[in-house]
Amino acid sequence: MILAKVVGNIVATQKNVRYENARVMLCEHITPEGELTGNTVLALDAVDAGVGDTVLIVQEGWSASTTATGKAGAAIDSAIVGVVDRIDLL
Amino acid sequence: MQLARVIGTVVATIKNESLQGRKLLIIQSLDKKLEPQGKPLVAVDAAGAGVGELVFWCRGKEASFPFKRDDTPTDCTIVGIVDSDDHVFCQ
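Chains as they are written, first to last, in our numbering: chain A, 1 to 90; chain B, 1 to 91.
Please note that the accuracy of each hint is not assured.
[Unchecked claim] Calculated cross-link-like contacts (lysine-lysine; reagent style DSS-like; alpha-carbon spacing at most 30 Å):
(1) B/K32 - A/K71
(2) A/K5 - B/K39
(3) A/K5 - B/K23
(4) B/K61 - A/K71
(5) A/K71 - B/K23
(6) B/K68 - A/K71
Hints were generated in silico from the structure; no laboratory data involved.
Go ahead and model the full structure; you've got the sequences and the hints to work with.
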């Protein structure tokens with residue numbers, strides 16, 4: 001899983017049928033210290049995350065489509081599976 | 001998934017049987033400001049996209065799932081068309 005910050009979302013009317021009723025969030029990778037790295041990724045929202053939230057993104061298709069749509073085997077490679085409250089580092 | 005702009009098409013006569021009839025497009029991935037990020041890729045189209053459109057694409061094994069029963073060999077598939085550049089909301 002990776003740490004990312006939700007920076008926005010996108011709207012698409014014409015999309016794969018398995019994406020229906022899903023929110024596609026624009027996320028940017030962050031370091032454990034919370035700094036934005038500039039690399040962005042689109043992820044389906046499975047936990048009602050909002051813009052500004054630090055989130056956990058799973059980048060494995062089986063888990064991503066199961067959590068985001070309730071059924072495995074969709075063309076989904078990333079899903080938000082958690083909203084991070086706090087990161088403690090040594 | 002990543003945002004990308006469709007910048008071209010690919011024509012290939014000789015290809016794997018399960019790629020027959022599939023549209024091959026050249027895409028350039030974009031960052032949150034819609035600026036190019038990384039190298040262009042060839043993607044199989046599963047959304048009816050065309051040149052110039054803003055799309056999003058899926059990587060890896062999951063990319064072949066829209067064509068499921070065919071075992072289509074792809075690791076990069078366009079799965080959606082963003083309504084317009086103004087439909088990317090980024091703070």
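Structure-based check of each hint:
1. B/K32 - A/K71: holds (29 Å)
2. A/K5 - B/K39: The given pair, whose Cα atoms are some 24 Å apart, holds under the 30 Å limit.
3. A/K5 - B/K23: violated (34 Å)
4. B/K61 - A/K71: Roughly 16 Å separates the two Cα atoms, so the pair holds.
5. A/K71 - B/K23: holds (27 Å)
6. B/K68 - A/K71: holds (15 Å)
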